[in-house]
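Novice: In order, the protein sequences belong to chains A and B. Residue numbering for the first sequence follows our numbering, beginning at 10 and increasing consecutively. Residue numbering for the second sequence follows our numbering, beginning at 10 and increasing consecutively.
Derived by calculation from the structure, the hints in this document are not laboratory data. Since no wrong hints were added, every one of them can be taken at face value.
Repeated chains share a single entry, so a pair holds when one copy, or any two copies, can fit it.
List time: in silico DSS-like cross-link candidates among lysine-lysine, alpha-carbon distance up to 25 angstroms: (1) K321 <-> K371; (2) K236 <-> K371; (3) K181 <-> K244; (4) K348 <-> K244; (5) K236 <-> K203; (6) K321 <-> K181; (7) K181 <-> K236; (8) K371 <-> K203; (9) K244 <-> K321; (10) K181 <-> K348.
2 protein chains.
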Amino acid sequence: MSAHSVYLEDDCRFEYNREDLVARLGQVLANPEALITNEEALRAYETDGLAAYRQLPVAAVLPDTVEEVQAILRICNELEVPVVARGAGTSLSAGALPHPQGILLSLSRFNRILDVDAERRVARVQPGVRNLAVSEAAAPYGLYYAPDPSSQIACSIGGNVAENAGGVHCLKYGLTIHNVLEVTLVTIDGEVLKIGSEAPDAPGYDMLAAIIGSEGMLGVVVEVAVKLLPEPLTKKVMLAAFPTVEAGGEAVAGIIGDGIIPGGLEMMDNAAIRAAEDFVHAGYPVDAATILICELDGSEAEVAAQCAQVSKLMESYGATEIRIAETPEQAQAFWAGRKAAFPAVGRISPDYYCMDGTIPRKHLSTVLNRMQALSEEYGLRVVNVFHAGDGNLHPLVLYDGNVPGELERTEELGGRILELCVEVGGTVTGEHGVGMEKINQMCAQFSPPELEQFFALKRAFDPKGLLNPGKAIPTLNRCAEFGAMHVHKGELPFPDIERF
Amino acid sequence: MSAHSVYLEDDCRFEYNREDLVARLGQVLANPEALITNEEALRAYETDGLAAYRQLPVAAVLPDTVEEVQAILRICNELEVPVVARGAGTSLSAGALPHPQGILLSLSRFNRILDVDAERRVARVQPGVRNLAVSEAAAPYGLYYAPDPSSQIACSIGGNVAENAGGVHCLKYGLTIHNVLEVTLVTIDGEVLKIGSEAPDAPGYDMLAAIIGSEGMLGVVVEVAVKLLPEPLTKKVMLAAFPTVEAGGEAVAGIIGDGIIPGGLEMMDNAAIRAAEDFVHAGYPVDAATILICELDGSEAEVAAQCAQVSKLMESYGATEIRIAETPEQAQAFWAGRKAAFPAVGRISPDYYCMDGTIPRKHLSTVLNRMQALSEEYGLRVVNVFHAGDGNLHPLVLYDGNVPGELERTEELGGRILELCVEVGGTVTGEHGVGMEKINQMCAQFSPPELEQFFALKRAFDPKGLLNPGKAIPTLNRCAEFGAMHVHKGELPFPDIERF
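Bound conformation, chain A alone (with noise of 0.2 angstroms):
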């Protein structure tokens, strides 16, 4: 697959000694192997979980305490070097990719979980430790930390954290900004900050919002404590399949709409079914237009009362067959195909792009439509599988990359897509970040004004502008060259704006 190039000129004004930066990095950590400038080994950080996007940076490190990112951040501030913080590298937006000009600062080896207080249902943990190893540390204690991105294996706090990370169960237990109560941040000239509270409404502005989805742009996250949450005392999953994308569709909106809010509400189209069945076999209906998986957890009264309730609306809305999982292990399997459903999908293409947009639910069935008649118009098939009880799409589109101009043509389907999730008044970002994927599409969202603002709270935590540049939010320069900004005889609108 053909890689990006993407970082404007604008991006890549850094102008320093790099064999002096080599060295002064070599000086404040303790171990010889956290610095890396070797280039093969430098390969393991050049994309993340967005591989179309490709650099190295100038250098690698892998600090093991909070005084050695003090140093790092130190160093790079009086030197004016870039820092790209990195946590497990998943990112699907190219969040974490490096700057040419840059240090990777990877939090790998802060992987410690530091304390679980089951009495307080808190759980202090180093960025670097996997979303799933924190549930597991709690399990003893019948707790667990809600956001399950699906990547939850792999992914680690602090990219959680820089993403704002949701997952399967957020349309009832919120995303990261939910669960998270305080953070420790290194800022750009080395000191700890701790920032949040686990009281419920701390004294002074709350920054811990503006820094939970910042994508590294704030500060360096080296600590965080999250909220943990009972077991629900019971769960049950239901599958129900429907003979048209709008009866679907119209059933996600009717269940939250009769003021149901599943722990989780997920929908398949046919192709994802397909796709999904191949693989894992999960007895999915193969002939069904459309499936959703229902989860109800809470009480044994509570999930009962609803799952009966949700019953009787799928079938209002033409539910073909409703099943319910009366063993843990049908529940896995309803589970099953869903889980594995990207991996299955990546079976039956070469490529496929991973798209994240936000629509009200009640357009769900409108869109879905649509996206299938630009499917058809671009030759390209589009693979449905998404959170539908918060009306998070993740359509995947199928391609080949070693066919020429196919990535391009997928690229404008997905430009297309985000613009139809634009126009029914949704967002082209939902829960996989802005990063480097939709750095342009920015330029369009915000007004000056917005973007202005943007940048006065980006210089309060990073005036010199070295904590990932290029990401998330665009510089005027990038939005000048990309045409979604007004710009007056080859002037910026706000010549005054200092830039970064």
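Starting from the known structure of chain A, arrange chain B on it as the hints suggest.
Specialist: Frame of chain A, contents of chain B only:
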């Protein structure tokens, strides 16, 4: 009652021509009654819900439109005039106390409900709309707005946003921050920003949380989009009496520890029970050391199951009596005493000082007992009626402002109570904000780099420090003066930090 002199010289460094200011304000306000400079009329604004603090502003303005707010802020920005925004003026921490050199910006004419969208479950309202009016407007659709501060008949949504207000139901349904989707903010330089989104994870830095609870120090909110929730299918209210304060406190920790999140879980001590009973004759057990009022909501089945579980728990913690409301009238009676508790206390004492601390639930009984000892030590009665479920205490210290020295002794006792909260791992502010009341205590709450980061954030929104100066986040001069920060040889610890 004697009023405090609270602004420091450092807060009052503004120099401008008052006549020029008034003339220019007059030019931008269409309605001549929208500009108040007459001292008698200004008295209406000299204090808020914390009457111990009084200050007349230079002028008050009551704009009718967003354009007028923009024009007012542009004038204040140009002339460098402090601006204190005010909703209904019910703040209990003097958050809306006028600045002696500033204007008071009343949002009382921004009192329209712009839209109630039942399908999207969103209401768009102006900031001067009363909290309860939102639920009233949503009621025909079976929806309501969850945060319900005690002052909900009077307090405004704009004030709720400024203080991140809570209420009885915030245990289950969250604070204002969890129920606001988007705000429209006018910046000090007159720009209009949309901050937040109806989408689950909007792109860009998440600045909404920083705005909510920022006490009008980052901008002026002129529109708020709030989340509406479906009315619970059913509700059950229970009242349980306990023979000791310990037993009640332990029952609270036990209920939450057992995985139940009630819609509300309130506690009243004997003094509060008696005061309320004398006032509204709710039929409370006046010999109980403490009562718990527990509201359970959800589906029929869920509520019935939880009700049985809570009853059993309360019995196991020694409840001497458990009543379950069988009719809406009974439920209302259980709540009547709690809701009337503050005015009831007002009947038995010339003055009272309402405090607002949080503690970990497990320390409830310890703190209540030690508070009793402190009350005896100071010879001042302390009445407790509070949000037990989330550990948010509201001790009411009873005093007589006409007895020389009694206010001072009350404040000293208040300080000791807050120290006690901090000692057990709590905070000195729960849901009433910092305002002017707790500003000095904030010097101890934050580390110098944390304060520095707050100042940087403040500058990103308000470079000249004009919005509500002197509140919420203490200046370094204030901290030096009040001794909470270490000062060497008369120098501030951070001479290089810009000041407000």
